[in-house]
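A.B. asks: Listed below are the residues making up each chain.
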Amino acid sequence: MTTTAELETRIRASLRTWAAEIDDADEEAPTPEPGRPAPVRLMAVPAADDLDESSADAPAAGRSPIRLLVLAGAAAVLVLVVAVAVLRPPTASVEMIDEPPPTSVEELPGPRAVATALPPGFQPIWTDEHGPTANPAGSGGLSQTIQRFDVGTGSVTVVVQPLDDVSVRGDASNGTVRGQPASMAATGDGTTARFIWDEPGATIQAFSQGLDEEQARATLDSLVARTDDAADGFDAPTGAAIPVTLRAEQVWRRGSGSPATSTVAYAATGSTRWSIVVSSHAPAGNADLDLLTSDVGVDRQVIAGQERAVVTPERVHAGFGANGVSLEDVYRTVAWFDTDGALIEVQARDLDAAALEAVIAGIDRADEAAWSALPAEISTQVESLPVATRSTWGDVELTMRGDAPSPGDVLGQWQPAGACLRSGDAPARCGSFPGGGVSGSATVTSSTGWFPSSCCREAGRHLVTVATPEGWWLFGALDGANDDLRVSALGEEVERQWVTATEGSATTLAAFLPLTATHATITISYEITPPGSDVPATEVPQRGSYEFTVDAPAR
Amino acid sequence: MISTDREPREDAEFDEFYRTHRVPMTRLAVLLIDRRSEADEVVQEAFAAVHQRWSDLDTPPAYLRRVVVNRCHDVLRRRRHRREVVIEEQHVAPPSGDDLRDVIASLPAKQRTVIVLRYYEDLSIESIADLTGMPTGTVKSALHRALAQLRLVVER
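From first to last, the protein sequence lines stand for chains A and B. Take 1 as the starting number for the first sequence in the numbering used here and just add one per residue. Take 1001 as the starting number for the second sequence in the numbering used here and just add one per residue.
Among the clues, some could well be false.
Cβ-Cβ distance ranges computed for the label pairs, FRET-style [stated by the list, open to error]:
1) Gly362/A x Ala1012/B: 47 to 57 Å
2) Asp1056/B x Glu307/A: 48 to 58 Å
3) Glu1016/B x Ala304/A: 48 to 58 Å
4) Ser1106/B x Gln180/A: 27 to 37 Å
5) Pro1061/B x Asp212/A: 40 to 50 Å
6) Arg1019/B x Thr116/A: 46 to 56 Å
7) Glu1121/B x Gly239/A: 40 to 50 Å
8) Glu1121/B x Ala353/A: 36 to 46 Å
9) Pro200/A x Leu1152/B: 17 to 27 Å
10) Asp235/A x Glu1121/B: 16 to 26 Å
A few chain A residues that don't get close to chain B, going by computed Cβ distances all over 12 Å [as the list claims (entries may be wrong)]:
11) Glu6
12) Ala19
13) Trp197
14) Ala202
15) Leu351
16) Pro427
Facing chain B, from chain A, some residues (calculated, C-beta under 10 Å) [claimed, not checked]:
17) Thr4
18) Arg12
19) Val159
Quick caveat, the hints were computed from the structure, so don't treat them as lab data. Think of the CB as a built atom: it goes at the ideal place given N, C-alpha and C, for glycine as much as any other residue.
Just chain A, with the same shape it has in the complex (with noise of 0.2 Å):
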């Protein structure tokens, strides 16, 4: 039995023996000329918009509330809707193909909400909707419990999320909370103190505001669990030195999954860098206003004469581990609640406050006519972009949009911007790739259910992925004759469900995956001789997989 510490040994050994050997920086940097700047590469600098955008799709700051109540939700798995009574066989035929199988697009009864008044030249780039799921002990799903506590004239806010059983050692502390060792750390005026320890099965951070560190610290001490699974949350105390109320609390009960949300994303005209994102999400516990506001840096705002919770990136970043960094062209998120207890999140970047407020102002729920235009308008942006690669089977042909791939990204980074399926002589489905990715996806939601949803790696072999909610096409358009590719899904190899073409020295080939859970791993490795002797191997990846994760939510 090897012990955590001499893992963590072998771990540390390994990862500086890995780094030790990458000794040739220096021989492939650029030198610096005397005096000046290294020359960096003048180029468009990711800077501010890298504290946000990469950890996650969210607006701004990684412990929000509205980011806590909001995105882990948004980033659950989605979508891909498992046929539980009818599976084709898995024999692959043209006829699978030409004709795929029947499917049925889940309904997904959340709230959908569009902008209604956009900047002039925009339109809709991509949505995306999915319902509720049920795996809050997986990855993406949601479960967490917020409760904000009036203390006197001060605050604190718990938020509670769920933890793996096995305790991982713990770091920087630095005083207890609830007996716990716990980490503190206030903002550079004092106002504001977070504290984070764990509790069996649960990590919970607390903010306080308008307290001192002794206050704090005694106001959670105070605070009566409820049960013995800090989720269910805390009653306030009675008592106490300082009063303290429960002002409002969002409870989310292991296991109830996270809302249905839905999103449309708006950019300008010919671009796929969204400016504008809508998502809506489905009333869940009992959140408030209240809750969305107690973090740093989110403020209660009148705009377009509603209040809403806003999402003041300086602010947050500027809280704790300020560093300086001016981070005024990242995207602000303004939240509200609407009638009906729906959340309403507007992400926005490069828009001024006016038009921002505009944007606000045209928010609208969507009937099922408004949403169901989307997809259209989307499909001739899309289609109105070059075609990069065509992948064709049969008279079902999917093409990838965007710029070609040059010739200096054969084996580096291809980006397209959108996919185009389209099925004999129905007219073609397209969806766009946001971020620009190599992979990407691009949700084409239609009364057949074809989900184009990735593609293109690699040295020439483009591979595009289709889900349907039975499972998946995979479509390959590989040049060179001499690929092996295995391919196995839920631990079973598949390889025989390939079927191949070839023309010229070009092979398509295509394969349907059923799916029969509603989590699979989906695995496709490949073995590749060079074709010819006068392709120097060092350039021809050898072998190589991918892996598909899908979850799908549960009927």
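Got chain A sorted already, so can you dock chain B onto it with the hints?
C.D. replies: Just chain B, lined up with the frame of chain A:
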């Protein structure tokens, strides 16, 4: 664009900063995203970001590391499917001969990031959470899952 109207003293300081931190940051980036070319690009961009804000930064090394880590996240995110499906790319590099390293390289992005920051950068759970924007519970969960994977390798 990067301003060029800085004082020579600031440029000299930045040069020294660049020389001191470039290789360590490149190593960190390679540990996070494997590919040297991408790591170099990430680090260059990070230095560009630091340079642009050089006179405003209280702790340039911390900011540099934050940008490197977040930029690596960007790279990893571009490699994976957005939302519905996660593609965890197994890289094409040949086996290193170190089973532990190979498994670290194959970990999902979040777990890999946490492992590298915890055991290469020696950051605390809270620091990792601050750096990456993950809740501390998420960091701990990712670390726990990654350690479980790595333990299997060590004990097999």
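A.B. asks: Take the hints in turn and mark each one as holding or not.
C.D. replies: Results for each hint:
The beta-carbon spacing between Gly362/A and Ala1012/B, approximately 52 Å, falls within the hinted interval of 47 to 57 Å. At roughly 34 Å, the beta-carbon separation of Asp1056/B and Glu307/A lies outside the given 48 to 58 Å, and the hint is violated. Take Glu1016/B and Ala304/A: their Cβ atoms lie about 50 Å apart, and the range 48 to 58 Å holds. Between Ser1106/B and Gln180/A the beta carbon distance is about 35 Å. The supplied range of 27 to 37 Å therefore holds.
A hinted range of 40 to 50 Å for the beta carbons of Pro1061/B and Asp212/A is inconsistent with their spacing of about 32 Å. Checking the proposed 46 to 56 Å range against Arg1019/B and Thr116/A shows it holds: the Cβ atoms sit about 54 Å from each other. Checked against the hint of 40 to 50 Å, the pair Glu1121/B and Gly239/A passes, with Cβ atoms roughly 47 Å apart. Restraint check, Glu1121/B to Ala353/A: a C-beta distance of roughly 39 Å satisfies the suggested window 36 to 46 Å.
In this structure, Pro200/A and Leu1152/B meet the distance hint of 17 to 27 Å, their C-beta atoms being roughly 26 Å apart. At roughly 41 Å, the beta-carbon separation of Asp235/A and Glu1121/B lies outside the given 16 to 26 Å, and the hint is violated. The claim that Glu6/A is not at the interface with chain B is violated, since a C-beta of that chain comes within 12 Å of its own (minimum 8 Å). A cut-off of 12 Å between C-beta atoms contradicts the statement that Ala19/A is not in contact with chain B; the least separation is 4 Å.
Trp197/A, annotated as away from the interface, has a beta carbon of chain B within 12 Å; the closest lies near 10 Å. Remark: the non-interface label on Ala202/A conflicts with the geometry, its nearest Cβ contact in chain B lying 8 Å away (cut-off 12 Å). Here Leu351/A stays apart from chain B, with its beta-carbon at least about 22 Å from theirs, past the 12 Å limit. In this structure Pro427/A is separated from chain B by more than 12 Å, as the shortest Cβ-Cβ distance comes to about 23 Å.
Residue-level restraint check for Thr4/A holds (minimum Cβ-Cβ distance to chain B is 7 Å; threshold 10 Å). For Arg12/A, the interface hint holds, the least distance from its beta-carbon to any beta-carbon of chain B being 5 Å, beneath 10 Å. Using the Cβ-Cβ criterion of 10 Å, the hint placing Val159/A at the interface with chain B is satisfied: the shortest such distance is roughly 8 Å.
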